[in-house]
Amino acid sequence: MRQVVHIFRKDVRHHWVEILFTLAALVAFAWDEPSHWVQQNDFPESRVRGIMYGFLAVLLLVSWWLLIVRAVQSETLAGDRQYWITRPYEWKKLLAAKILFVGVFVNVPLLIADVVLLTRAGFKPVPSFVPGLLWMQVTLVVFLLLPIAALATVTSSIAQSALALLAVGVYIAVTATLAAYIPSASFSTGSDGLQAAVLIVACLATVVWQYARRKTDRSRALLVSAAAAILIIVVATPYRTLVAYEYQQLGPAEQRPVQLALAPAKPSASEVVPDEKRDLEIQIPMRVSGIDDHSFVAVDGMMLTIEAQDGPRWNSGWKSVSQLLFPNQQLLQTHFEVKKSFFEKVKSSAVRAHISFAVTVSRDMSPRRIIATGGDFVVPEVGLCSVDQRFSTSLLCRFPVRGPRLIVVETASSQTTCPTSDDEPVPAGKTAHGWGGNTDSGPFSPVGTFNLYLWAWGGVAEHGSSPRVCPGTPLFFSTPEVVRRIRMEVDLNGFRPADYRLSNSFRFMLGAPATKK
Amino acid sequence: MMSSTIRTENLTKKFRRVDALNGLNLDVSDGAIYALVGPNGAGKTTAIKILMNIFGPTNGRATVLGMDSTRLAGRAFTAIAYVSENQELPGWMRVDGFMAYLRPFYPSWDRDLENELVLQFALPLDRKLKHLSRGMRMKAAFASSLAYHPKLIVLDEPFGGLDPLVRDELIEGMLERATEATIFISSHDLTEVETFASHVGYLEQGRLRFSEQMATLTERFREVELTFDISPALPEKWPATWILPTSSAAVVRFIETHFDAERSRAEIQKIFSNVRDVTFTPMSLRSIFLAMAKAGREAA
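Chains as they are written, first to last, in my numbering: chain D, 1 to 517; chain Z, 1001 to 1300.
Treat the hints with caution; some may be incorrect.
[As the list claims (entries may be wrong)] DEER-style ranges, computed between Cβ atoms:
1) D/L166 <-> Z/L1244: 49 to 59 Å
2) Z/N1025 <-> D/K92: 31 to 41 Å
3) Z/E1088 <-> D/A205: 22 to 32 Å
4) Z/S1133 <-> D/R9: 24 to 34 Å
5) Z/L1244 <-> D/R9: 55 to 65 Å
Calculated from the structure, these hints are not laboratory results.
Note that the structure is a prediction, hence the values are computed from the model and not measured.
Glycine included, C-beta positions come from ideal geometry on N, C-alpha and C.
One chain only, chain D, in its complex shape (with noise of 0.2 Å):
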């Protein structure tokens, strides 16, 4: 232990000014980090906070690269020549002093951040917050701390660090574009841990056996293996078998949880011109019934298949959505890219199709009651919500540490307490929703946020007036627990994709890249 001390005391001697920069980026990031948790309506300043948060987020990534790759390479492990390697250092102690390193000096005083921002948020620092305070740290070393040290230990520079680092950021960049064109890959996240697996382990190989040998070449090797191996395990995942394998086809006798089925297409209010991209936009939508009371249904994914009367068969593969249907739901927006070449072929016949939906049905029995107020209200299982100042049609909440995976609230349009006006009259009977969640803090700190966004009454745009909260409205709060996951096919009878394709004007609208008249 002397030793690991002697050492680790050394290190602190030797990079003093590393230790500040991180510890002033730590203190600016927390010191900024509460303007998050409030609205920012207003278009310049929130832009500002919004760039300012990104900047320390990235200062105080970097003070940390910098504080690790300084700590390990004050005894380089790349190399021959370093006069320590033939002295008594001995590995497990000059490791354990490495890691106490940095524990000290990013884990402990991130720990230590995180209790204030917690208490700053409202959230008093309970024992129940400590497994999931100490969760974050564990993923911090794992996903973020532990590949730094593994880059340090097989570099001897920080300029061969840097490079590293850069080229992590282009195989990082290479391996999304690839994963890109593989269809159903942005769905399934079924080989993400293997792939945390693979990475996980190579890192902690790497620097234990850098620590331990010295095998330099051998360590490069074994991370560039690991990042092949990656590479692999992205373009060779059976996605589809793996979403099969997690939503279970619906039995022909079992009764579905929702009614989906194909609504008629609205004519274009614009007239459709050619586009010059290889993919385009169709949008189908559906009209959705069935839905037991207390039930939600998540689409989380959607695949179309067409297949032409001569033969042509076009799939798109699953595509990651984040939608969610309500009881009193009644229609559903499903938009997919065609491939160009196969749309000009179909467009005008009346084609096979269909739409498999992968969908994860929840149910909460029992929401709360919650009365809105004029600042925070507590709201239990989730932390704490206020409402909008500016419009009144959103909740902004805030957690500690983990948020829930659903929260649904409700609001009737009978209840509401904000005044009205002739123009836009609030209609009658109808309940609005918003709903967010499947959100996790950090990745630094600890208080996380989301926006439950009161659409529309009914969930149709056209009921006039917007949903809205002003204190003193009944709002009910649901945390839905999955029930089951499954999927769904829904034939498109008499589907003309001309007739569903979304015209250039609604592209624009919906923020798609406008085209070439």
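Go by the hints and put chain Z onto chain D.
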């Protein structure tokens, strides 16, 4: 019988397709001052780095202080001092900080000896290592390596690029303070090595050409000059122990590598019966090294 501080058996090291060491067999006995000499690229540094477990061997094995070199780590280095001309020291440390930092690593660290070495080498304690001259840095490395009474001192080209004064100071300091240690040194500075080495090994192209006591080495090498009345007939094949033969008019010169006054004279008479005069001149280590290097190049 003396035991071995360093012993290698068929030690081989390949860097991709290059044979840096080729079956090195070495035996350095306790208390010896062994100088490993050889031209650039002969494999001296590679051999030392294998001994210090900086590299692993491709084949063969080495033992250092009775321990397999591949297991040399941690506490084993409390008995070993290693100084190399291109060793990277922690430049940000001051000399006193460097000494203070290393002290707790060595149970046998001798503060009095450290102070003596600092005084002897005139080390500026308050200067950072990176601000020291090359000579001063070497002195700091020496001082930090002698202060714990190592049993084995390994020096890889320690005098390269140093001025004669610094060289003398280092050698003097080393010999004074390390009377009980075995010293293994690789050097180009043959003149200096000759003054203190008890044994010498000559390494060429990864092979050990000879390894013996300094006294027997200088005893068996002679520059030979033969004088004739008329130009002699040169033999088609020269004896294997004669290297670098040259002739001009009535004079023949070569180097006898296994000199024995009677046997050498008889052999000369046998080949050159008309020789008028024979001169045997003792050679310095530097001359022997140069002759061996030149002969090696010609043979290649």
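Quick rundown of the hints versus the structure:
In this structure, D/L166 and Z/L1244 meet the distance hint of 49 to 59 Å, their C-beta atoms being roughly 56 Å apart. Between Z/N1025 and D/K92 the CB atoms are about 35 Å apart, so this pair conforms to the stated range of 31 to 41 Å. Between Z/E1088 and D/A205 the C-beta distance comes to about 27 Å, which sits within the given range of 22 to 32 Å. Taking the beta carbon of each, Z/S1133 and D/R9 are about 29 Å apart, inside 24 to 34 Å as hinted.
Here the CB-CB span from Z/L1244 to D/R9 is close to 59 Å, well matched to the stated 55 to 65 Å.
Comparing the model with each earlier hint shows no violations; every hint is respected.
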